[in-house]
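Residue numbers for the sequence shown follow my numbering, so the first one is 9 and each next one is one higher.
Derived by calculation from the structure, the hints in this document are not laboratory data.
List of simulated lysine to aspartate or glutamate pairs, DMTMM-like, C-alpha gap at most 20 Å:
{"hint": "1", "residue 1": "91", "residue 2": "118"}
{"hint": "2", "residue 1": "213", "residue 2": "183"}
{"hint": "3", "residue 1": "162", "residue 2": "196"}
{"hint": "4", "residue 1": "162", "residue 2": "104"}
{"hint": "5", "residue 1": "46", "residue 2": "72"}
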Amino acid sequence: MLKKIVLFISFCKKKIHGINRRLNEKITICELLNSKVKFNPSKCRFWGRTFLDINKGSDITIGDYFIANSGVNGGIDCGNGCKIAVQKGAKLIIGEHSGMTNTIIQCHEEIIIGNHVNIGAGCMIMDSNFHSTDWRDRLDRRKDIENHRNAPIKIGDVVFIGARSIICKGVTIGDHAMIAAGSVVVSDVPANEVWGGNPAKFIKKTN
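With these hints in hand, go ahead and build the complete structure from the sequences.
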């Protein structure tokens, strides 16, 4: 029992990067819990570098057995770390048994990731376009930022997203779907289908 307590304390002192403080300043798992992130630290793993930007008023839930992996694996040079940013008032939910490698998540409104979701190296999931799509707005920095658009993203259960893929705002990906590596997903993907390309299109059924 004492050994388990020591291991738990050691894990809670594990440091991850918090970019909402000072660039590259490290924060502990305990501080992550104090940021009101709802997760079980004994059942989640942050391997390598994970950068977090957690803003006040955000709602974050991470399911059991989540893994954020950051490193160079299988000879693939994708070791820049996972980066998760959740803006004020936004909601991020990551289901159980899901994992990501060197992935960027930018949540301005709502991103829901289901259970048993595998997100490949170098993927980007963003529910905002960050800038106005009207060129006249982009001539004025204030208008450019104010008039950007957000739309929620929902990724179902048992979804596979191949390396270097981009999931854009407003997209829903159904259960058991697969996204080919290097895809740019700008429209909904039905359940049990394989999509790929830029923009991603239907390739075949998964079964």
